[in-house]
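Student: Sequence:
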Amino acid sequence: MIEVLSTDLCTRCDICVRICPTNVFDPVPDGVPVIARHSDCQTCFQCEAYCPADAIFVAPSRTPEPEGSPMRDESRLVELDLMGLYRDRVGWRRRSAART
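Heads up: the sequence shown runs through residues 1 to 100, numbered per UniProt numbering.
Note that these hints are calculated values from the structure, not bench results. As the structure is a computational prediction, the values presented were derived from the model and not from experiment. The beta-carbon is built from N, C-alpha and C at its ideal position, and this holds for glycine as well. Heads up, some of the hints might be wrong.
[Stated by the list, open to error] Pair ranges (Cβ atoms, derived):
#1 Glu79 x Pro52: 31 to 37 angstroms
#2 Val90 x Arg62: 16 to 22 angstroms
#3 Ser61 x Asp81: 17 to 23 angstroms
#4 Arg12 x Arg62: 16 to 22 angstroms
#5 Thr7 x Glu65: 14 to 20 angstroms
Construct the complete structure from the given sequences, taking the supplied hints into account.
Tutor: Below is the structure:
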């Protein structure tokens, strides 16, 4: 389930808004999209796979992580280089230049 959309890494391209099959995100004019319907996430990883900025982390679970979970700790996920890891592992795209 999607757990983090980094406001620091997001380029505001809205690819996640367009690619999500369950409309989890709401676009924000000139801003970072918001995770508006968290419980609708089906853990398909499409948003993370297509994010060109590695700004999204989807946890490999079908239920939301509890508050305080390391899977929701953006700074820790960035430190461990886990943001955008899914698309790297499936070979869909190279990870962003900041991550290589």
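Student: Starting from the range 16 to 22 angstroms, see whether the pair valine 90 and arginine 62 falls in it by beta-carbon distance.
Tutor: holds, 19 angstroms
Student: Does the hinted range 17 to 23 angstroms hold for serine 61 and aspartate 81 at CB?
Tutor: Since serine 61 and aspartate 81 have Cβ atoms about 20 angstroms apart, the given range 17 to 23 angstroms holds.
Student: Has the hinted range 16 to 22 angstroms been met by the Cβ atoms of arginine 12 and arginine 62?
Tutor: With Cβ atoms ~28 angstroms apart, the hint is violated.
Student: Measuring from beta carbon to beta carbon, are glutamate 79 and proline 52 in 31 to 37 angstroms?
Tutor: violated, 21 angstroms
Student: Is it true that the C-beta distance of threonine 7 to glutamate 65 lies inside 14 to 20 angstroms, as the hint says?
Tutor: Because 19 angstroms falls inside the window, the suggested range holds.
In this structure, the earlier hints numbered 1, 4 are contradicted, and the remaining ones agree with it.
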